[in-house]
Amino acid sequence: MNTSVTVGQPGSSSVEPSRQAGGAPLHRRLARSPALRVAGRRLLIAIPVLWGVTFLTFVVLNALPGDAASALLGANATPQEVRALSIKLHLNEPLLVRYGHWLGAALHGDLGTSLYYNQSVTSILWQRLPVTIELVVYALVITFVVSVPLAVVSARRPRGGIDRTSMALSMGGLSIAPYVLALLLILVFAVDLRWLPALAQGTGGDIRDLTLPAITLAIPLIGFYTRFLRADLLEQMQSEDYTVTALAKGLSRGQVLTRHALRNSAIGLITVIGLNLATLIGATVIVEQIFGLSGIGSQLLKAINNRDVPLVEGIVLVFATIVVLANLGTDLLYDVLDPRIRHGRSRS
Amino acid sequence: MAGSLGQRAGCPTATSAGASGAGGAGPGSRPGAALLDVSDLRVQFRSRGGVVNAVQGVSFTVEPGRTLAIIGESGSGKTVSAYAVLGLLPRTAQVSGSIRFDGIELVGRRERDLRDHRGRNAAMVFQNPERSLNPTMRIGTQITEAIRCHLPLGRAEAHERAVELLRMVRLPAPERRFYEYPHQLSGGMRQRVVIAIALACEPRLLIADEATTALDVTTQAQIMDLLLGLQQELGTALVMISHDLALAASYAEEVLVMYAGRVVERAAAGDLFGSVRMPYTRALLNAIPRVELEPHVLLPVIGGRPPDLSTIGPGCSFAPRCPDAQQDCRLQSPPLKQHEFGHWWACWHPCGKGDVQ
Amino acid sequence: MAVPVADALSLAPPAGDIAAAGRLSPARRLMRSLEVAVPAAVLALLLFFCFIWPLVYPVPPPVGGSILDSGLPLWSPGHIFGTDTVGNDIMSRILYGGRVSFEVAAAVQVIGLAVGGLLGLIAGYHGGTLEAVLMRVLDVFIAFPSLVLVLAIVDSLGQSEVNVIWALTAFSIPAFARVTRAATLRLRDQPFVVAARLSSVKTWRILFGHIVPNVAPQMLTFSLLGAGVVIILEGALDFLGYGIPDPTASWGKMIASGQAMLSVSPSLVIVPSIFLFVTVVCLNMLGDGLRALWGVR
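Protein chains in written order, with my numbering: chain A, 1 to 348; chain B, 1 to 357; chain C, 1 to 297.
One chain only, chain A, in its complex shape (with noise of 0.2 Å):
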C-alpha cells in the first residue's frame, strides 16, 4: 500500500485519492473519462461486425434457389415472367454490384424496397418492430421480478426447501424447448382454461395478446438467471470478507444478500443479459409465428421465404444492431456502475 507517514501523527498521510471531486468542467472530464474512451473505441469495432452480419447475409441468401421474382409471382408463373421480373428487380446483376448498390443506399439511411410488398423496408419496420421490441421487454421484465426474489430467497438458506424447488425448477424451466412451452402454454391457458387467446387478436400491442408469448420466453430465462444469481450471490457469502463485515454489524442475512451482494450481482447480471440477447431475439421468431404476433421476428420468416432481400436483411441489421448495441451498453453500464472503474483505476 502507498502510505507515508511520520511516526507520532496518527492518521496522516500523504496518499492523494485516484480523483479529485469537483474541479474540471464537465465536459473535460468526461473527454478524459476512460470508460468514455473504451465506449468509443468499442463502438468503432462494432461497425466491422454489423457489415459483417449484413455481407454474411446477402451472401447466404444468394446461395438460396428460387428467387423473389418466383415468389412473387408464384409457382405457375412461365419462365419469361420471371425473368422479366428479375430483370425489374435487379436480380441478374452480380452479388457484389447488388450489395454496393444496398450498402451505398443503406450508408444514407434508405434500406430499400421490400420486393414481395412493394413498400420500403422502412415503413414495415417501423410498423411491426414496436410489436417485438414490446413483446421483448415484457418477457425481460417478467424474468427480473421472478427470477431476483427468488435467487435472493434461495441464497438465504441454501439447500433449504425453498432453495432446492427452484433449482430444480429453474433446470426444469430452461430445458424446455421454447416451441414446446408455447404449445403447452396455449393447450393450458387458451384452450383448457381460456384465460388467455392463443392467436393475437389485435394488431399487437394489447398486453393480453402478449402475455402468453412473454411467458414462453421468460420461462427459459428466469430459469437461467435465478441459477446464475443465486451462485453469484452465494459466492460472494462465502468467499467475501466483506458480507462476513455486514453479518457482524447484526444485519440478517436476507439483508447482507439484497443490500451487498445483489449490487455487486446485479454488474455481473447486467453482462449476462447483453451476452444473451441475440439468442432471446431467435427465440422471438419461433414465439411471433407459433402466437400469430406481427412482430419482425415473424416477418423474417416470411421474408426468408420470399426471398425478399432488401427486408431480410433489413430485419437482420435490426437484429445485429439491437445486439452490438446491447452488449455495447451493457459494457458501458458495467463501467459506470463499478465504483472502482469509474474513478479510473483498472478491473480487479
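Just so you know, these hints were derived from the structure itself, not from any lab. Hints should not be assumed to be uniformly reliable.
Said to hold, decoys possible - One-sided excerpt, in silico: chain A residues whose CB lies under 8 Å from chain C:
{"id": "1", "residue": "Pro48"}
{"id": "2", "residue": "Val53"}
{"id": "3", "residue": "Ile162"}
{"id": "4", "residue": "Leu169"}
{"id": "5", "residue": "Ala177"}
{"id": "6", "residue": "Leu183"}
{"id": "7", "residue": "Leu184"}
{"id": "8", "residue": "Val191"}
{"id": "9", "residue": "Leu193"}
{"id": "10", "residue": "Ala278"}
{"id": "11", "residue": "Ile281"}
{"id": "12", "residue": "Gly282"}
{"id": "13", "residue": "Ile304"}
{"id": "14", "residue": "Val323"}
{"id": "15", "residue": "Val324"}
Even glycine gets a Cβ: it sits at the ideal position worked out from N, Cα and C.
Once you have looked at the hints, place chains B and C on chain A.
Same frame as chain A, now just chains B and C:
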C-alpha cells in the same frame, strides 16, 4: 469464574508497557464480574473424513475494559472461537459449552437474538482491510448501516454520528471521506473505517482478529495505538487475536496461548514472558528473531506441523513436536490448571522457572 | 433457442458450496454422484431404446402407416403411444426421431469441439492479429440470431440430416471457439505454462500436453450443456419445416404436425415434447453434475 486480573489485593499487576486498560466496569455490571465468560467451548464441523474439532474445550474470561490477547498458529481455533463469541458461525457448525456475555447465555440462542447481540454488544475488526469493505458502497453508507441496525436514529443523525466516528478513528477530512469508496483509501485508512464500523454502536467488547497483520509495521503501530486509545475512551474490552507474540507483549494485559483447539497456557503478559511454562510457548518465543543473536544463525523453528483436527489422539496434542515430551505426555492429555496464581498451563513437564533462553 | 450457456458462466451452484470445514460429508458426495449417475443412466436408456431396441424387437415402422389405423389413442394394443393422423405408430416415430436428435447433437458437438476448440486454442494462445480477426468474425456469427443463420443455411443447402448438421455447426463452432479461447487465456499466464514456454518446449506440446488436459473438463461439460441446445435448435428447424425432410420422423416435426390437433388429441404434441424435455434435462443435469463433481467453472 475466578481468575480476573488486578482486582484482588496483593496480586501482581500487569507490568507490560503500553497496556493500560480502563479497568472500569461498564454500566450495569457488577465490579469484578466478567463481561465475557467462555466455559468449555467446543466447536465441531462435519466433514468427509469425520468431524473436525476446531475448538476442544476452551475457557477464558474477559473483564470489562481489559485487554486479552489470544495467540496461536493457523488452525489453533482462535478465529473460530472469536466467531463463536459473535454468533457468526455457519449453521453447519455444532457449538456446545457456554458463552456468557454479561451473564446471558449465547450458545443455542435464536438467530434473531444473536443478531441483536452482534454489532451492539460485541463487534469485530477483521484482518484484510482490502476485502472487509464492500467496494461498491460508499464508506459512509457502510457505517450508517451499522448504526441504524441497532440504534433508532434517522438518516441525518446517523450521518452525523458516522462522521463523528470517522473523526474518532482519526481519519482526516471525515466529511469528505463519508462519500468516498473504499478503493480511494489506503490500507491503514480502510482499517480505521472498519474500526469505526465496529464501534458504531459502542459495543462493550471488541475483537480484533489479526487486525494489523495485513498492514505495514508503522501503520500497525498506529492502529494499535488507536485501538488502545479508543479502548480507554470508551471503556471497551479488547480481545486481540494474533500469531504475533511481540504484539501481544506490547499491548495486552493477559495472554492466552492456543494450540490445536485448546488453551495451553494463560497468564498476565508479564508473567507469561517472564516465566514461560509451556514448551510450545517457549518455542514460540525462541522463534522470534532477535537482534542480539549472532548473524547467519539458523532460527530455531518448531519442527513438524500442526495436528489434523479431525483426529484427536489420547495424549497431549503438542507431544509429537515437543522437545521435552515424555512417555506420559503421549498417553494422557494434560488438563489446563492454575498451577501458580494467575498462571494456567496444561503440561506434564513444564519448563522450569525463569526458563527463557 | 433455449438460452445457451454463454462463455463459462456457471449454471451450477459453486463447487465450493460445502461446509466451512471444506470437505463433503458422505451423504453429500452420494448426492453429487447421483446427480451424475441418474441422468447418465436415463440417457443411456434412451440411447438404448432409440438405437438398439428396434434392431432386437419388431417395432412397427415409423412411416407408411395405413390410414385405417390413424388417430388411435394412447395405450392402444400394439401402439403404446397411439398413432398419428396418417396412421404411423407414434412410439416408433419417437424412437427413430430420437435417433435423429442424438446423431445430430453428437455430430454437431464433435465438429464444434474439434474445429471451434482448435480455433479458440490457437487464438487464445497466440493472441495478436490472428486472435483479433478471429474474434471479430466470431462476433459476427454470434450477433446473428442463430436460428436465422441456421435456417438460411439449411434452406440453401437443401433439406437433409447431413445439411442440418453442417448448418448447426455454424452455431456450435463459434460457441466452442469462444469458450476455449477464454479458458486458454486464463491458463496461458499460469506459472506452469510460462515455465514451459521459457524452457523452449514446442508450442504444440504445450498446447496438447498442458493446456488441453486442463481445459478438457470444462470443454466436456460445455459439450453436454450445448448438446441440449443443439437438440432444441434442431427441433426448432423441424418445427418450422426446414429441417429433416419428410418422411423421416423427428421430434420437432411430430410436435409441429401435432399442433393442428392440439385441442383434440394433445398427446400428439405431449409425447414427443416429454421425450425432448427429458433428454435435454438429462443432458443439462449431467453437464451440471459433472461440473460440480470436478469443480470446473
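Taking the numbered hints from earlier one at a time, note which ones the structure violates and give those numbers from smallest to largest.
-> Hint check: 3, 4, 9 fail, others pass.
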